[in-house]
Amino acid sequence: DQQVKQNSPSLSVQEGRISILNCDYTNSMFDYFLWYKKYPAEGPTFLISISSIKDKNEDGRFTVFLNKSAKHLSLHIVPSQPGDSAVYFCAASGGGNTPLVFGKGTRLSVIA
Amino acid sequence: NAGVMQNPRHLVRRRGQEARLRCSPMKGHSHVYWYRQLPEEGLKFMVYLQKENIIDESGMPKERFSAEFPKEGPSILRIQQVVRGDSAAYFCASSLIGQGISYEQYFGPGTRLTVT
Chain A
1 DQQVKQNSPS LSVQEGRISI LNCDYTNSMF DYFLWYKKYP AEGPTFLISI SSIKDKNEDG
61 RFTVFLNKSA KHLSLHIVPS QPGDSAVYFC AASGGGNTPL VFGKGTRLSV IA
Chain B
1 NAGVMQNPRH LVRRRGQEAR LRCSPMKGHS HVYWYRQLPE EGLKFMVYLQ KENIIDESGM
61 PKERFSAEFP KEGPSILRIQ QVVRGDSAAY FCASSLIGQG ISYEQYFGPG TRLTVT
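Here the protein sequences line up with chains A and B, keeping their order. Heads up, the first sequence is in the working numbering, so the first residue is 1 and it goes up one at a time. Heads up, the second sequence is in the working numbering, so the first residue is 1 and it goes up one at a time.
If you're looking for bench data, these hints aren't it; they were derived computationally from the structure. C-beta atoms are modelled at their ideal positions from N, C-alpha and C, and glycine is treated no differently. Errors might be hidden in some of the hints.
Derived coverage of chain B by chain A (criterion: at least 3 residues anywhere in the stretch with Cβ under 8 Å from a Cβ of chain A; other residues may be distant) [what the hints assert, rightly or not]:
1. 37-46
2. 104-111
Subject to a maximum C-alpha distance of 20 Å in a straight line, what follows is the list of computed EDC-like cross-link-like pairs (lysine to aspartate or glutamate) [said to hold, decoys possible]:
3. B:Lys44 - B:Glu68
4. A:Lys5 - A:Asp31
5. B:Lys44 - A:Asp24
6. A:Lys104 - B:Glu104
7. B:Lys44 - B:Asp56
8. B:Lys44 - A:Asp84
9. A:Lys104 - B:Asp86
10. A:Lys5 - B:Glu41
11. B:Lys44 - B:Glu72
12. A:Lys56 - A:Asp31
13. B:Lys51 - B:Glu68
14. A:Lys56 - A:Asp24
15. A:Lys104 - B:Glu40
16. A:Lys5 - B:Glu40
17. A:Lys54 - A:Asp24
18. A:Lys104 - A:Asp55
19. B:Lys27 - B:Asp86
20. A:Lys54 - B:Glu104
21. A:Lys104 - A:Asp84
22. A:Lys104 - B:Glu41
23. A:Lys71 - A:Asp24
24. B:Lys71 - B:Asp86
25. A:Lys56 - B:Glu104
26. A:Lys104 - A:Glu42
27. B:Lys44 - A:Glu42
28. B:Lys71 - B:Glu41
Non-contacting residues of chain A with respect to chain B, defined by C-beta distances greater than 12 Å in every case (computed) [claimed, not checked]:
29. Leu11
30. Val13
31. Ile18
32. Lys56
33. Glu58
34. Leu66
35. Lys71
36. Gln81
37. Thr98
38. Ala112
Just chain B, with the same shape it has in the complex (with noise of 0.2 Å):
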């Protein structure tokens, strides 16, 4: 019984490249959630996506960065030119719809990213 799977779990890159952030979701769930934490901070909310659609972007810088959930594989936080500000640890979470009146998110481990 597979939980959230995020790869990479370290993820290197020097100013102005890209980088792509994976997530697998737990079987059977269809919402992913993707969350930011800088040191001492608490998890601070990105995008809120279902299969092939984005449902709420509200935290999400408006330049560099987007996302994605295909039919098919898992969702990608992708990070255009990348600044030293953008380092920190990057969770995914989903959930399953409809789960009785709770409406836990399930966390992977975390990609954190260091921009050198």
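So that you can see chain A by itself, here it is in the shape it has in the complex (with noise of 0.2 Å):
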């Protein structure tokens, strides 16, 4: 049972323009969300987190939205650029150092 999921197993966005990945969650003891980028044959790389107490941070051109209500998160890239491809993880944690738990992924092509 996925309690992560990224229902878009890909997305393809014209340079210059927004680019919006959602993740939805199932467990309400979920916390603290990240967002995590990944290159081929590179580990993942830590891009964005948001904690439970807020519903938006923002960094340079990403911003996380988080709505608990509908358990749903979203990662905004504006203006997306040809280097922001990538596959897109979200990854949930229920606090502290415990272990996340990552969706499958989103695979953004930003086409120039």
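Put the two chains together into one complex, using the hints given.
Here's what the structure looks like:
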């Protein structure tokens, strides 16, 4: 039973436009959420995170939105750049130094 | 400022052999996690260790798999009598306790295990 779901396996976006990646979770005990970016043959790279006490966190071109009532979060990338092309994983944690639960990932392709 | 180091990057083993994967956490990090990624899947948690202690091994198969994080040296994930289904990418991550309210885990480049 998947606790973290990324229902879109892939997404294509034109350079300069907004990329929106979505993630749903089922476990209401999760209170910390992270997005990781992964290139082929490399480890995931931490991108941005959000605590459940917030509904938005912004870092440069990346913004994560959290809707706790809907158990949904999204990552917005604007403007999208070709270098953003990668697989993006949503991950959730029960807090502290507990293990992360990952979604299956969404492959983003930014087309020049 | 070295990140999480893993070696080897690629490992080929025949069925029945042992595989040893090593992970050195980021400097100052005392928490280590091992994850496994199968093709087209997300990362699945295996085991969480602090120095000399296994904190959570709920994701690790009961047989053939073991992990340690000794007082000195890297963390090691050991797979005995490997089978083809063990072929996967194994990632190690580390974190720093008490880092504000952020609990980011930082990942190594992974070890790609191929069992022939």
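Lys71 of chain B paired with Glu41 of chain B [C-alpha distance capped at 20 Å]: Status violated; Cα separation ~33 Å.
Pair hint Lys51 of chain B and Glu68 of chain B, alpha-carbon separation not exceeding 20 Å: 8 Å, holds
Distance restraint between Lys5 of chain A and Glu40 of chain B, which requires alpha-carbon spacing of 20 Å or less: Judged against 20 Å, a Cα distance of about 14 Å means the pair holds.
Pair hint Lys44 of chain B and Glu72 of chain B, alpha-carbon separation not exceeding 20 Å: The given pair, whose Cα atoms are some 27 Å apart, is violated under the 20 Å limit.
Outcome, coverage of the stretch 37-46 of chain B by chain A - at least 3 residues whose beta-carbon is closer than 8 Å to one in that chain: holds (count 6)
Consistency of the no-contact label for Glu58 of chain A, given chain B and a CB cut of 12 Å: 15 Å, holds
Claimed clearance of chain B by Ala112 of chain A, with the beta carbon kept past 12 Å: Given that every Cβ of chain B is farther than 12 Å from that of Ala112 of chain A, nearest at about 26 Å, it holds.
Hint consistency between Lys104 of chain A and Glu42 of chain A [alpha-carbon to alpha-carbon, up to 20 Å]: Given pair Lys104 of chain A, Glu42 of chain A holds - Cα atoms ~16 Å apart, limit 20 Å.
Given pair status - Asp24 of chain A, Lys54 of chain A, alpha carbons within 20 Å: Judged against 20 Å, a Cα distance of about 16 Å means the pair holds.
Given as non-interface: Leu66 of chain A, partner chain B, CB spacing beyond 12 Å: Holds, because the least Cβ-Cβ distance between Leu66 of chain A and chain B comes to about 14 Å, which exceeds 12 Å.
Hint consistency between Lys71 of chain A and Asp24 of chain A [alpha-carbon to alpha-carbon, up to 20 Å]: 6 Å, holds
Holds or violated: Lys44 of chain B to Glu68 of chain B, with C-alpha atoms at most 20 Å apart: 18 Å, holds
Violated hints, in rising order: 8, 11, 18, 19, 24, 28 and 37; the structure is consistent with all others.
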